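S.K.: Sequence order for the protein chains is A and B. Numbering-wise, our numbering comes out as the position in the first sequence, counting from 1, plus 353. Numbering-wise, our numbering comes out as the position in the second sequence, counting from 1, plus 7.
Each hint can be trusted.
Here are some, though not all, of the chain A residues that point toward chain B, as calculated from beta-carbon distances under 8 Å: (1) T678; (2) T679; (3) F680; (4) L690; (5) M694; (6) R695; (7) N697; (8) V698.
To be clear, the hints were calculated from the coordinates, so they are not data collected in a lab. Being a predicted model, the structure only gives us computed values, none of them experimental. We put the beta carbon where it would ideally sit given N, CA and C, even for glycine.
Below are the chains, spelled out letter by letter.
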Amino acid sequence: MEPVETDLSGDVRDLVDRLHELAALQLNALWLLCENLPLGAEPGRGAIFSALLGRSGDLVEADLPPVGDRVAHAYFLSSMTDTQVLNQGLVGGLSAHHPAGAVAELHTAATYGDAVREVLSGRVLLLVPGSPGGLLVEARGYPKRGIQPPVLETVVRGPHEAFNEDLQTNISLLRRRLRDPRLVFEPLTLGRFSRTEVRLCYIEGLANPRIVSEARRRLAGVSATAIVDSNYIEESIGDDAYTVFPQVDFTERPDIVAIGLTEGRFAILVDGTNDALVAPVTFWSFMQAADDYYQNYYAGTFLRLLRYAFLTIAVTMPALYIALTTFHQQMIPTSLLLSLMRNNVGIPFPALVEALIMEITLEILREAGLHLPEKLGTSLSVVGALVIGEAVVSAGLVSWPVVAVVAITAIANFAIPRWTMALAIRLLRFGEMLAAAIFGLPGVLVMTTAILVHLVDLRSFGVPYLFPVAPLDADGLQDAILRMPHWTPQPRPRLLAPAWRGRVRPGRRPHPPRHAGTAGGDPRWAWRTGAR
Amino acid sequence: MSARIRRRAAALLALVCLTLVLSGCWDRIELADLDMVSGVAFDAAPNGGFRVTVSIVLPQNLATGGGVGGAGGGSAGPSEAVVSGTGATIGEAITAIGRGLPGHIFWGHTRVVLIGEAAARRGIQPVLDFFLRSPATRLATDLLVVRGEAGPLLQVSPPYRVPGTDVLYEHLRRQREPRALVYEVAQSLLTTSGASLIPEVQVGRPAPGGSAGGGGGSGGATSPTALLFTGAGVLQRGRLVGWLNEDQMRGAMWLLGTARQGTVALRSPQGSVSVHINRVRIHRQAVRLADGSPAVRIRIDAEDVVSQVDAGNPPLGDPRYLLQLSNALAASIRGSADLALAAARAEDVDFLEFGRLVAADQPGIWGRVHGDWPGIFPRLPVVIAVRAHVRQVGNLVRLQ
Chain A
354 MEPVETDLSG
364 DVRDLVDRLH
374 ELAALQLNAL
384 WLLCENLPLG
394 AEPGRGAIFS
404 ALLGRSGDLV
414 EADLPPVGDR
424 VAHAYFLSSM
434 TDTQVLNQGL
444 VGGLSAHHPA
454 GAVAELHTAA
464 TYGDAVREVL
474 SGRVLLLVPG
484 SPGGLLVEAR
494 GYPKRGIQPP
504 VLETVVRGPH
514 EAFNEDLQTN
524 ISLLRRRLRD
534 PRLVFEPLTL
544 GRFSRTEVRL
554 CYIEGLANPR
564 IVSEARRRLA
574 GVSATAIVDS
584 NYIEESIGDD
594 AYTVFPQVDF
604 TERPDIVAIG
614 LTEGRFAILV
624 DGTNDALVAP
634 VTFWSFMQAA
644 DDYYQNYYAG
654 TFLRLLRYAF
664 LTIAVTMPAL
674 YIALTTFHQQ
684 MIPTSLLLSL
694 MRNNVGIPFP
704 ALVEALIMEI
714 TLEILREAGL
724 HLPEKLGTSL
734 SVVGALVIGE
744 AVVSAGLVSW
754 PVVAVVAITA
764 IANFAIPRWT
774 MALAIRLLRF
784 GEMLAAAIFG
794 LPGVLVMTTA
804 ILVHLVDLRS
814 FGVPYLFPVA
824 PLDADGLQDA
834 ILRMPHWTPQ
844 PRPRLLAPAW
854 RGRVRPGRRP
864 HPPRHAGTAG
874 GDPRWAWRTG
884 AR
Chain B
8 MSARIRRRAA
18 ALLALVCLTL
28 VLSGCWDRIE
38 LADLDMVSGV
48 AFDAAPNGGF
58 RVTVSIVLPQ
68 NLATGGGVGG
78 AGGGSAGPSE
88 AVVSGTGATI
98 GEAITAIGRG
108 LPGHIFWGHT
118 RVVLIGEAAA
128 RRGIQPVLDF
138 FLRSPATRLA
148 TDLLVVRGEA
158 GPLLQVSPPY
168 RVPGTDVLYE
178 HLRRQREPRA
188 LVYEVAQSLL
198 TTSGASLIPE
208 VQVGRPAPGG
218 SAGGGGGSGG
228 ATSPTALLFT
238 GAGVLQRGRL
248 VGWLNEDQMR
258 GAMWLLGTAR
268 QGTVALRSPQ
278 GSVSVHINRV
288 RIHRQAVRLA
298 DGSPAVRIRI
308 DAEDVVSQVD
318 AGNPPLGDPR
328 YLLQLSNALA
338 ASIRGSADLA
348 LAAARAEDVD
358 FLEFGRLVAA
368 DQPGIWGRVH
378 GDWPGIFPRL
388 PVVIAVRAHV
398 RQVGNLVRLQ
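Just chain B, same shape as in the assembly (with noise of 0.2 Å):
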């Protein structure tokens, strides 16, 4: 090989390396031409189309220091700027935001998604499906639905310290709320009942007297630009049916064994307790009948602690009255529970997901049953049964 061939090798090679780099960069987007979005909303527009809201993070508003930054910056503006677009689809309508963006839209790190209830009950199969396929949107992301109109709640911003969408958000990923997670949402519209419960949201302050049922997290807000949880709507196959209020919502936490903690007032001749439950045990279970019918077992277990003595002088220390007291709990329980079959049996939807536990518990009778599962379901019997333990009752008590 000559001198001159070599060299010219050389530099195709070069030339070769060099095309290497060029094709580089090319979805580089840089921190400042991010326009994240923290939190979107679905509405329906009229004629099938979408209005679709999204709060884009403002960062040079956002507070220094750690946290999620602050809405109440000082000097700052607000943290979050919301922005709208309608199309007729989901993708015209973000291309509609998109046109007066300065950067470019980052689905990445959204923590919720709102849905109107127009479009909830037109069918949410279009918003799942914009998620599921766009490679930039997580599927672990919370659906949540509103009476009304969603894209206003975005434009809430509550006097703490994060903005509107993350005070959701933190409160979802507690697990102080029931949870519905687009990919879970999505799963069971492959299941034969095709319900799920999605958490309901609203502007507002809670419903005076509140309710016996737990979720420490959504009472004491009194501003009236709080956005509270207060129940769930129920979807069939992808279109809201119902909707279930806050008692429903808490007894269908238990049945479906995502109940974790909560607070509950007990009142009795002695005086009133509150009593923190801090620890559930659920075991759900489907069996088989004599008849070769189906059934559901539920077994619930609560540990908790006497958090506080509301009124009169409760002989805590009097083991007979724990006792009494653990009965109590267990009824509160079971009446909640009872609350939510009783919706589900009467909207004939099994947000429970019982057809999923005796397919998975009593294959056999589920390849027999689950061609008439909407038929059988609301006869279906169940079998609650709730044992609640007092633990501990507390350093302040007058011992008789």
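Pulled out of the complex, with its shape left as it was, chain A reads as follows (with noise of 0.2 Å):
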């Protein structure tokens, strides 16, 4: 019999692809087996730990040394491991009959796909053939960031430490600066191949209890296959499924979370996100910078009235320019519309285009900065200020008042204290000159109007997105529109804290003492006055 000329190679290459899936398959298969499957004494189970993490080149299986008759085999993932405990708890600890003092943590196991879990998320599992379930040890180690000053919210005074992506770094960030049992944090897992770790965190007896249950309800709802960034969650918890603005705060200084959990807001945690959700929130705290609360309070008063001029200007500048210029001109005042008209002169376009000619090169600009590698910032810098500063006037393509107005805009925008309301902004900004191109200062009018009528429409966990403004609550209006001195004794929210209880006491006024002699005087000061 001849032996067929055959060229196998093809087949074979076939054959490893048809293995590989058939691998792939019965790996997903034997998790969907085993996930829920109890973890008892059985003899096979080092070999399903095997199959399940060994696809990957990271697991370490290994035998402990003996202690007296007993064995253990550890099961650990080496890139999520810190080897230095490991050799000084496992090797050193165990073995002298001293597990609880050398290993952070000890856990059994209920599942496999428990322990699985566990040894993703970096601990060593430990099986004792014979004995059912298995030991966690806790030996987590992976390069993370250190503290670093917060890269959005910048403060001159204050402090500058900023959440990295630890939970854990980040929770001792905000135990740090609120030593009270009444603190909790609610430990939840989330996103179904991710399993991020995710901390509701509140103050006990401060927090409005139905805010609270509800978040746990909202975050129970969550349904994402990774959460890589707090967002994944912040858009699926909020009230209003569709609005530019933003329902939950978000921040990178610890010390604000201090402050919202102290007024009796609720901050989400999430393991590999840099910043903390904080929640409810009102339109009026995303005008609220950190420094308000660190410098004096007239200043801080001042710079808060301030910047809701700035939002004034960020939203309607450009559509009052468009307005004026295009349909009212009888309501600039002569001067300036003659230096206007001086300007306008040969500009072949209507005031609409310019501006967005103008508000989109910015954009361009913006977008290019935020995405550039740090070294080209300076290039970018230069082309940016001659694109815009000279060469789009000369070009005779965009008048100099145009120029002036969308940069004064830009810059008001740059002041909103909270990025995710700038952006929001930022997009209204196109409706309000839209509106006011097509229909003048009626249209801004009846823009803003809308807005406004979303915004009292808007709520964030329950709690009116205007509050305390409308409703109108005379209390509140002392943090929502002033900044009161520290030691006035301001109430709480009321939406937020069930409880009304006044952050100071009263009477707490800061004077030098009165003098000795009269009603109340401290006789130790009588030298200063001279009295006898």
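Mind assembling these two chains? They're in different frames, but the hints should get you there.
M.R.: Now the structure itself:
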């Protein structure tokens, strides 16, 4: 019989591919099978762990030195564990019958799924033949950032610490600011594949329990494959699914979170995200910067009021420019109008197109600046300054007043302290501009009214977005509009903390000691006034 | 509702929304398309028609930087173009102007309205009507009358940093001159007397010798192309019926209560002194005489400072001399007020608005007399009391 000449290589390759597919299926099937399987004392369990985790190169299976007649097998991922802890704790500690002293945490795993997840999160699984379940040893160690100053919310005075991507670090940053047993971090795990650790954080007794349970309910409803950033949660827990306004505050500053917690809000910390979510929020909290609380309260109040002016500029200024110059020239003072007209000679575009050219140029620069490596930033700013400042005007595309208006608007927009709100304002500005170009001032008015109606309608975890202005709460205005001194007995926001409690006891205004001789005078200070 | 119907409804809604957009922009005017009228002049044309002259701002020739532009902007051309049109009515005349212009005539910032003598004598009602009816014009625009033709005045460009119309406007704005705004003159047509004063403006030098009256603004011009306020036109029922010279006009301002400031030169044996009136209080009141007939009482309080010692060595430290000075000033004010009163009586035109005063203060009397006010007015008793106080004599005083 003649051997059949066949080229097997193609089939072999195919076979290998099929085997791989099979293996993948096998892994998936194995996982689905074992995920909820109780972890007993069955002898084959080690093989299951090898099969579940062994596909990647970083699984380490090791036999620990025997203790008496007992041996233990360790399973861990070399990428997620700290070798130093392992060497000292496991090899040294366990063999000396001293498990609890050397290891950080000890759990018994209930199912295969739990055990595998724990190994994936960096713990060491110990299986002792013959004894059911397994031991988990805390030996997590993976590269993480140190605590760095905030990038988005910088302050002149005040703490320069920001959250980083590590949940434990973030919790410790908060604990250091609020040392109270009533500060609770409720653990949750979200994301089908990411299994991200999430903490719902609030002060028991201060936060409205109904708001907290609503937060719990909404967090439980979050469905995502992977929670890579806190925005995955933020978008799924808002009250209004279709709004440009942020319904949850996002901050990278632990001090802001601490302030929020003491006001009766709750925070959500997400592992792997260097910011915390704070809710419920109102419109006004987005206009407050951490700085306000760290400097003189007159200055703080002034800046706070000024910021509302910036907000108005950022939303309406280009729209007002368009409306006034194309519909209501009689409303512009004569000399200003003449100056505008002089600058408009020979500009081929309508005011709207001019403004859009400038706005879009600016957006291009802004986006490019965000995504450009830092080293190219200077060249971008040179090009930007030349393009915006000179070329567009010299080429007769845009008039100087429009450049000025758009530039002032952009800077006013930067002055809005919270990035998410600034983003919303940016979008609204374009709507206002279109309304102004089509209908003039009535358009601006209607558009602004529509925005206001939407704001009044909006809620964050049931708290009206414009509270305490609408609905009016006179006490709450002290913090929303002004920045009262820290010694004033300003109440907490009424809707957030149901038990009305002043933050500070009344009568704490600082003052020098009263003069001796007067009622209530302190005789120890008599020497100052010379009274006998 | 099936998906198809819903889709159609959505499309229909989108179309409806689009029509909103289509209807927009209809009255949009870009700045570049604006022909801004800074001043307008109305003259009489033959057969009862009008010749309307407008000065249009040429923005490209305006000087850079603040201010209202500039005539002498180096190599730049004139900052205003003067265009005129003739028609049987004001509307026709303006349409004729519009035919020659590239953009839209824009009345929103018109600052002065000049009316030629002939047109004013014929009646300014059509001019007022145009301003009152058009939504684009401003009712607080200043009216001025011109002896002769008004149109040529718009072509005068004084050698200052601003065009001629702005010179006039700035003068009026600072209340150096009496003002007659469109709506005020229109209102005066409704009163019984129907009389009003409209400042008069002329091209040329100030009258030699000047006058004792105030109004520091109009003097001192040497250029033959200066625009000067030289008096006022007297209107009755919308028609120009006479003129006041500058002295009479100043007196009328005292009596009307619109005088604010002025400089008066006073001569005395010890020397001559200029005093600047810087604070004026004028109280006008109609009273009822014993026989039930009306009378008018006007009290003028003027406070002033010595602004200049013109000649001699007046004893400014001497209270008696200051009293003398005050009395002289009071007499000077009194004199010009008398001139205005005499003019009003001679022409039998109540431009001093005594009728209005009586109607406001003594409505009972007014109800009785307003029917024959023209007969009563020339014989109306008018009591004028003037008090003047020299408040500051200045530092540069040699005390004896």
